[in-house]
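Participant: Sequence:
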Amino acid sequence: MPRRRLFRAAEAALAVLLLMVGTACGSRLPESDFEHRERATPAQDGTPIRVGIVTSATSPVGGGTFTGPRDGAKAYFERLNARGGVDGRRIEVRECDDGGSGVGNNTCVHRLIDEDKVVALVATTALDYAAASRVSHARVPDIGGQPLGAAYDTWPHLYGIYGSLAPRRGTTGWGGKQYGGTEVYRYFKREHGARTAAVVSYNQAASAAYARLVEQGLKAEGYKVVTEQVDFALPNFRAVAADLKEQGADLVFDAVDSHGNAQLCEAMDAAGVEVTAKVTNVQNWTSTVPDDYKDAPRCRNALWATGASRNFEDVGNAAVREFRDATRSLKTHSQWQLEGWAAAKWFTNAAKSCTPQGVTRGCVDAYMNHSQDYTADGLLLPVRFERLAEPPKSRRTCLSVARWQDGRGWVSQSDMDHTCFDVPQLPYQQ
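What the sequence shown shows, in mature numbering (1 follows the signal peptide of the UniProt record, and there is no 0), is residues -26 to -1, 1 to 404, in sequence order.
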């Protein structure tokens, strides 16, 4: 079951908001640059299996914003190599920082695919995935990438970490529209009795567009929706907080950046606003909450995160415990790191299936193309890739939910495999 939620799937809008500058579309490299024949390398010669990781590590959004999936994937491959690799062959990781621009993304893809001849891309996290069509044309499987844009619902051979139901023939979704469910809103309504939800945004196009998507989903679930918009240059979060208290909001969703979120929480604490949940997304599901919200203890302890993967702090689970043990040296932990780890595991499963005939792009791609209900040993909700001719009107979708509590960190609120709802699928455009 794919989990392309309305709340989650529009995160590209937030990335654009954070950027606040135009990123180049990227130069178009000749198609011939990506055309070459591959040969299977015999396992007996012990040559490494080469994979590429493209990350917008130094994008204008800020250092470290997009590096979680990369770090998780590298940790998995390091542990795998320490245990003998795949059939005696090491995984050799080739990294490329595209700088968050389309030009840089094209440069990275050209280098990794045409020069380094990687078998696959893993855990791609690109602010501007301008070279997605080039990856697809070269038939290089891109495994477990983060859908910051529409690429993973557009091109074949690209396999996003949450799956896709779209035809993926070069046109986004169905007729240019993608679809997402309302399970996040249904969860808080059914499980916590929420009835009034506020959506806070900037007076900026990307922020306002994201806020409209959230508002659409909330209204579909029968919420009273309170919209709050602030000036991007001089945001008055105190006024917002006062109105939230006056309106009696149960939930607060936002379309503002991390700094704005911290300011909003401080204003809510100062105004004495108490809510059932201040809901954030998987990108902010990190161990840095105490520092990020150090001046807003009440709001901090009302933070909830939703996603499609098992809580990285759920160390009672064997697969999570393995991830945490292997990433012990990292200063911080995040849900995106766990999803990068899952992406690397996914590639490894594909590579192992190919060892009899040779680990090639074609073999790995064939494995991925038939991946159904993949869970990475329970780290992910079952991922599917289907090519539906028409968009689904409704789906049974599940979600992972966690709440921040000082002294305990992110505490899982339910079993993600059984927190499921039959919800409508609503159209949106990025």
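Hints are not guaranteed to be accurate.
With a straight-line Cα cutoff of 20 Å, these simulated EDC-like cross-link-like pairs (lysine to aspartate or glutamate) come out [claimed, not checked]:
id, residue 1, residue 2
1, Lys198, Asp231
2, Lys305, Asp265
3, Lys326, Glu52
4, Lys326, Asp61
5, Lys268, Asp288
6, Lys198, Glu220
7, Lys367, Asp380
8, Lys198, Glu248
What the hints contain is simulated information worked out from the structure, not anything from laboratory work.
Participant: Each hint needs a verdict: does it hold in this structure or not?
Facilitator: Quick rundown of the hints versus the structure:
1. Lys198 to Asp231: violated (24 Å)
2. Lys305 to Asp265: With a Cα-Cα distance of about 13 Å, the restraint between Lys305 and Asp265 holds, given a limit of 20 Å.
3. Lys326 to Glu52: holds (16 Å)
4. Lys326 to Asp61: holds (7 Å)
5. Lys268 to Asp288: violated (23 Å)
6. Lys198 to Glu220: holds (14 Å)
7. Lys367 to Asp380: Roughly 40 Å separates the two Cα atoms, so the pair is violated.
8. Lys198 to Glu248: The given pair, whose Cα atoms are some 17 Å apart, holds under the 20 Å limit.
Going through the hint list in order, the structure does not satisfy hints 1, 5, 7.
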